[in-house]
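Q: Take a look at the letters that make up each chain.
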Amino acid sequence: NAGVTQTPKFRVLKTGQSMTLLCAQDMNHEYMYWYRQDPGMGLRLIHYSVGEGTTAKGEVPDGYNVSRLKKQNFLLGLESAAPSQTSVYFCASRLETGVNQPQHFGDGTRLSIL
Amino acid sequence: GENVEQHPSTLSVQEGDSAVIKCTYSDSASNYFPWYKQELGKGPQLIIDIRSNVGEKKDQRIAVTLNKTAKHFSLHITETQPEDSAVYFCAASTGGFKTIFGAGTRLFVKA
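Protein chains in written order, with the numbering used here: chain H, 1 to 114; chain V, 1 to 111.
To be clear, the hints were calculated from the coordinates, so they are not data collected in a lab.
Predicted model, so just to flag it, every value in this text is computed and none were measured.
There may be inaccurate statements among the hints.
Said to hold, decoys possible - Computed cross-link-like contacts, SDA-like style, restricted to lysine to any residue with a CA-CA straight-line distance of at most 25 Å:
(1) V:LYS98 / H:GLY58
(2) V:LYS98 / H:LEU69
(3) V:LYS42 / H:ASN73
(4) V:LYS98 / H:GLY40
(5) V:LYS98 / H:ASP62
Generate coordinates for the entire structure from the input sequences, incorporating the hints supplied.
A: Written out as structure tokens, the structure reads:
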């Protein structure tokens, strides 16, 4: 049981390049999330999904797209990377039982845009 | 909008002393309050949580208290050890998909 796995762990991009961050969970969780973490700003929600085939915008969605074609995977895409997207990106998942449950996080992807 | 304020942003204590981190939430419908610990290079990991029908919860050296009237909740770490050094996040949830996180507290435990 690996939990939440993020790939890649590190990446450097040039402005205007595109890339996809992959998140995989093996806990059969319904909910999945993408956050970015910047110094002094905590975790800000980019996009989330409440089930396979569904996605929705979070607090800071501009410049990002997501897809959840399979329940276990949640992909975050940057179509045209900008220096403002330099950040650490965390994926999380959560079981939906009708009672609040904690989120389980991956170890992050550190992304630098030059 | 919904907000969680967390204080202090940085906390330095001597090994063996206690550490207290405080959070205030804005949405009175919040009913679930998890605390996460983030070590360097890792993702946040749940260390303790409390639900709104409970005023206090303890797990070994860690305790959390909740004051629903004042919309305050706090994390207490006793007998701190160097391995407690990390960033701690409080969070609040009303149910459903959304959780609001505080900005984090960087705790340093000096040996």
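Q: Are the hints correct? Go through all of them and say.
A: Right, here's what the structure says about each hint:
1. V:LYS98 / H:GLY58: Given pair LYS98 (chain V), GLY58 (chain H) holds - Cα atoms ~9 Å apart, limit 25 Å.
2. V:LYS98 / H:LEU69: 21 Å, holds
3. V:LYS42 / H:ASN73: Holds. LYS42 (chain V) to ASN73 (chain H) sits at ~20 Å (cutoff 25 Å).
4. V:LYS98 / H:GLY40: 21 Å, holds
5. V:LYS98 / H:ASP62: 19 Å, holds
This entry satisfies every hint, going by the numbered hints stated previously.
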